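S.K.: Following the hints, complete the assembly by docking chain E with the ligand onto the known chain W.
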Amino acid sequence: METPTARVRGLGSAQEGAEHWWTERLTSIATFALFVWAIISVVRMGSLDYHTVTEWLREPLAAVPMLLLIVATFWHLKLGLQVVVEDYVHEEGNKFFTIALLNFFVVIAAAFALFAVLKIALGTPG
Amino acid sequence: MHRNPDRPLSPHLTIWKWGPHMLVSILHRVTGTGLAIVGGLAFTWWLMAAATSEEAYRYFVSWATHWTGLIVLVGLSWAFFQHTLSGLRHYVMDIGAGFELSGNKLWAMATLAGSAVLTALLWLYILMGR
Ligand code: HEM
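Protein chains in written order, with our numbering: chain W, 52 to 177; chain E, 806 to 935.
So that you can see chain W by itself, here it is in the shape it has in the complex (with noise of 0.2 Å):
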């Protein structure tokens, strides 16, 4: 018979949270810049009209950050939506349910996303 504190005891952390911490940290800085960029460029096109965001996101230069820009913002938001969902959902079953479906909807956006600026990036101009 083992008692819960027996089961835990001397097993300390899980040894994820430093780095999970890190990775927040960076990819909201990355988030940051990236946004920053992506408002500037559309202050200057002025519009966001169909024709000025497709001629925009066909150049490289718009293109590639836009990629990065998906890249860091749905890894921040996930590792961010991750910590609200393990502060409220105490149960393990739901709490792995929960993060397993996060990681499932989170990936599939961005592939949503990251597909949609690549059409739009290597489609001939229509």
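Note that these hints are calculated values from the structure, not bench results. Please note: incorrect hints may appear among the correct ones.
Here are some, though not all, of the chain E residues that point toward chain W, as calculated from beta-carbon distances under 8 Å [to be verified]:
# : residue
1 : R834
2 : E859
3 : Y862
4 : D899
5 : A902
Here are a few chain W residues that sit away from chain E, every Cβ distance over 12 Å (derived from the structure) [said to hold, decoys possible]:
#  : residue
6  : A65
7  : E67
8  : G68
9  : E70
10 : S98
11 : V115
12 : T124
On a predicted model such as this, the values are computed, not experimentally measured, just so you know. Each residue gets a CB set at the ideal place from its N, CA and C atoms; glycine is no exception.
M.R.: Okay, now just chain E with the ligand, sitting in the frame of chain W:
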């Protein structure tokens, strides 16, 4: 959760009062979560619309410029400014600075004022540009 109720929690957990720093801390979480879910979906929809066709893009714009869409967009822009400013404040506190009571309160209030001003400026700029 396996917590022995006979062992006390840190008393600090029960000693608190409202202040700007507490509001900003909560708002960081609320805006981050809101941006992630609503913003993530809107942003992906915007890009997919642009990648699909001019009609799909027009459909997106018809929602984005409808009053309901505008409320969402104003909310998202405010959330972005608030989250970003309090994120920058986080970096300062992460290096262990800015915990003196008066300064901490001042910078917390500065993020609230800053996000309101930036949101107002952004939408003034958008509405003037039309
Ligand atoms: C628009 C894109 C962004 C989204 C969707 C987003 C989303 C999130 C989410 C969901 C969290 C978790 C909140 C929590 O644990 O309470 C978070 C945390 C954080 N965000 Fe963002 N964020 C974005 C942009 C930024 C930017 C630009 C910065 C930096 C200036 C930033 C800095 C931070 C920091 C430092 C944390 C960690 C806070 C903590 O550990 O308590 N975020 N973000």
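S.K.: Next, verify each hint and record whether it holds.
M.R.: Right, here's what the structure says about each hint:
Taking 8 Å as the C-beta cut-off, the interface hint given for R834 of chain E holds, the closest approach to chain W being about 7 Å. With a least beta-carbon distance of about 5 Å to chain W, the hint placing E859 of chain E at the interface is held under the 8 Å criterion. Given hint, Y862 of chain E at the interface with chain W, holds; its Cβ is 4 Å from that chain's nearest Cβ, closer than 8 Å. With a cut of 8 Å, the hint placing D899 of chain E at the interface with chain W holds, because the nearest CB-to-CB distance is about 7 Å.
For A902 of chain E, the suggested interface contact is broken, since its CB lies about 15 Å from the closest CB of chain W, more than 8 Å. No beta-carbon of chain E is positioned within 12 Å of the beta-carbon of A65 of chain W; the least distance is around 16 Å. Non-interface status of E67 of chain W relative to chain E is upheld: no Cβ of that chain comes within 12 Å, the nearest being about 18 Å off. Separation of G68 of chain W from chain E is adequate, the least Cβ-Cβ distance of about 14 Å exceeding the 12 Å criterion.
Taking the minimum C-beta to C-beta distance to chain E, about 15 Å, the non-interface status of E70 of chain W holds against the 12 Å cut. Interface exclusion of S98 of chain W from chain E breaks down, the closest Cβ pair being 8 Å apart, not more than 12 Å. For V115 of chain W, the condition that its CB be more than 12 Å from all CB atoms of chain E holds, with the nearest at approximately 15 Å. Some Cβ of chain E comes within 12 Å of the Cβ of T124 of chain W; the nearest lies about 8 Å off, and the non-interface call is violated.
When the structure is compared with the earlier hints, violations turn up for hints 5, 10, 12 and for no others.
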